[in-house]
Every structure is written in C-alpha cells, then in structure tokens.
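J.: Sequence:
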Amino acid sequence: MKIIDIFSGAGGLSLGFESEGFETILAIDKWVDAIETFNNNHENKVGTTIDIHDFSNSYLEKYKNGNIDGIIGGPPCQGFSLVGTRNTNDPRNSLYIEYVRFVSVIKPKFFVLENVSGLLSLEKGKFKEDIIKRFEELGYNVDFKLLTASDYGVPQSRKRVFFVGLRKDIFKDNYFNFDNLKFEEMVSTSKALSDLPQATTLKNGLEYTKPPENEYQKYMRENSGIILNHEITKHTQKTIDIISLVPDGGGIKDLPEEYYKIRNYNNAFKRMNSETPSSTIDCGHRNYFHYSENRVPTVRESARIQSFPDWYVFKGSKTSQYTQVGNAVPPLLAQKIAKEIKNMIQKL
2 MKIIDIFSGA GGLSLGFESE GFETILAIDK WVDAIETFNN NHENKVGTTI
52 DIHDFSNSYL EKYKNGNIDG IIGGPPCQGF SLVGTRNTND PRNSLYIEYV
102 RFVSVIKPKF FVLENVSGLL SLEKGKFKED IIKRFEELGY NVDFKLLTAS
152 DYGVPQSRKR VFFVGLRKDI FKDNYFNFDN LKFEEMVSTS KALSDLPQAT
202 TLKNGLEYTK PPENEYQKYM RENSGIILNH EITKHTQKTI DIISLVPDGG
252 GIKDLPEEYY KIRNYNNAFK RMNSETPSST IDCGHRNYFH YSENRVPTVR
302 ESARIQSFPD WYVFKGSKTS QYTQVGNAVP PLLAQKIAKE IKNMIQKL
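Residue numbers (the numbering used here): 2 to 349.
Don't read these hints as lab results, they were simulated from the structure. Treat the hints loosely; a few may be bogus.
[What the hints assert, rightly or not] Ranges between beta-carbon positions, derived for each pair:
(1) Tyr60 - Gly22: 25 to 31 Å
(2) Leu121 - Asn288: 24 to 30 Å
(3) Val106 - Asp144: 21 to 27 Å
(4) Glu24 - Ser105: 19 to 25 Å
[Claimed, not checked] Here are the simulated SDA-like cross-link-like pairs (lysine to any residue), alpha carbons at most 25 Å apart as the crow flies:
(5) Lys340 - Tyr176
(6) Lys183 - Lys204
(7) Lys129 - Asp152
Given the structure is predicted, the values throughout are model-derived calculations rather than measurements. All C-beta atoms in this analysis are idealised placements derived from N, C-alpha and C, irrespective of residue type, glycine included.
All chains, please: the whole structure from these sequences, using the hints.
T.: Here is the structure:
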C-alpha cells in the first residue's frame, strides 16, 4: 500500500502509517531540516525539498491509475491555530487547496488531512465546510473528528482534527469510523521519560543507564542503542531559581506576584505534571519545564512526549529540532488511523 506525504515535516504521520505496512514513495516539504530528518529516519529516502506549488499537474499524472493508495499530510497550521492571533487572510490558510489539487489529480483510494483544532471554528466553520465540500465534489465520503492524542497511548493531551476521505466508487457508502480507533491506557509524563539518563551538554549521544520501567519505555527504546538529541538548554541561574518555584504540575500563578506580573511570564509558563499526560508540545519550548528538573525538556524528551521512538534522530539546529518535533503528528496516533484504514482496504 503506497502513500504520498505532503507537508510531511519530519515524518511523524508517515512513520505511523509505515508501522502498519504502508510504503511512503514521496514526501514533500520545503523545509530543508525537516526533509533531512525524514530521509535520515525512513527506509525510503524519498523526501524532497520543494514548494508544493511547483508540482505541476502533468508531473502528478504519473502517480495516477491506482499507483497510490493514499495521500496524507497536514497543511501548515499557523493560520488556523488558536494560539496567537488568527488571520483568515493568512496565505498559509490556502495551502489546503494545494492538498485538494494533489487528490484531484492522483485520485487515491483515501486521504488523511490533519490540522489544529482552530480550523473547525475559524470563520464560523467556513474552512471546515469548504474542505469537506471540495473533497465531496471529487467523489469522496468525508468524515472528521477532533482527537486527543492521550486517548491513543501518546503521553500528551494534544488535540488535532483529522479529516479522512474514502473514494465512493471503491468504498461505496462507507465512511471512516473514528469510533473504531482503539483507546489505550493513559501514559503520564513520568512514565514516558523516567528511564532516560541525566541530560548533558554533550552532543555525541548517551547510553541507557537503567532498564525500561514500563511498556511505553520499552516501545520507545526498541532498535535504539544510543540516545541522541538529549542535550540540555543552558539557563541562567536566575531562570533556574524562578523555575524552581513552580511545583510539579504548577504554573505561572504559583510564582510570587512580582514574577507573574512581568510580561515575559504568561499562562504558558508551567511545569509538566508527572502524573498526567503532558500539555501540547508546540513549536516553542521556553516556557514549559520538566516535571522534576529545573529546565526545559530536551529535544529527545519532547520527541518521547510526541511518541517518536528513540532511534528517530532529528537534524538541524537545536531550535529547528524543537520546531520539527512540535509541528509533527504523533506517530502512535497516526498508527491508529493507519491501522483502521488498512483494515478497511483489506476488506475490499
């Protein structure tokens, strides 16, 4: 079963699909670091750095006629996001039309489009309705649902909307049934991270110093002999002292008044709760702290929270790595969707 991943980023969505036997034959993103990460970690090094507008319809024609089972991807979400100011004129909001173009030319059996929850309410649902209408006009049965990653074994309360379309001439009257996705036991931040060795300033990797303590940690460590991307961020002593005032699971309101009235300390300033899934790991990383250490999480810890296995190494600068992790679809969540789609295809 062959897929194309557009707006692939570092490859979390396709990693989840590949774990269910799908083969990625093309991954597209114009961000060089993300594609370097993709090609470093995927057996098929098919990532290409190109602007999606540069793919002509005539070029896409070669993927027609049943060669592609699915198109997956998440158009850049900055214009849709509830974080910060939403702008309906943001040119990134129209990138989903390029996604539609790919589907219209290639005509895959299915598509999966992922985005932030803000898309559902933007312009009173205008974008959501437009997405559904465009794909229905192409001959797809489309359903969508807002999913919480922690319901599916990801140690993070990340909420994202998924649209899944199935070609009517193949799947008849069937729609993708989100209710068939298997719920998993909640994984807390401490269950996700407690086996990792002490983070250091070293860039050349670390060895595990103790055995895995639970099934999630075993899964993270499969096929991994050394831990990379586990380099700490250096904080000033003043910053460390301020972080130390925030208890496990606490936030800005736990600081003395002279701190939380300062403009730089906003409601995003908080510490992980060791007993619950993490808050959403996003593109920033400066105001969210380890549950027991007075520092921000390392890239590896953030990747664990996103359910990337330890063998999955992120390339580029450390800032770039954090952004790649924050932008990604959690592979474990993607795997759940891929498994249900695979089951539906096998029943054809």
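J.: Next step is simple, just say for each hint if it's right about the structure.
T.: Structure-based check of all given hints:
1. Tyr60 - Gly22: 25 to 31 Å: Since the Cβ atoms of tyrosine 60 and glycine 22 sit about 27 Å apart, the hinted range of 25 to 31 Å holds.
2. Leu121 - Asn288: 24 to 30 Å: 26 Å, holds
3. Val106 - Asp144: 21 to 27 Å: Taking Cβ atoms as reference, valine 106 and aspartate 144 lie about 23 Å apart, which means the hint holds.
4. Glu24 - Ser105: 19 to 25 Å: Holds - the Cβ-Cβ distance for glutamate 24 and serine 105, about 23 Å, lies within 19 to 25 Å.
5. Lys340 - Tyr176: This hinted pair holds, its Cα atoms lying about 15 Å apart.
6. Lys183 - Lys204: Given that 25 Å is the threshold and the Cα spacing comes to 38 Å, the pair is violated.
7. Lys129 - Asp152: Distance ~23 Å between lysine 129 and aspartate 152 Cα, so the pair holds.
Consistency with the previously given hints fails for number 6 only.
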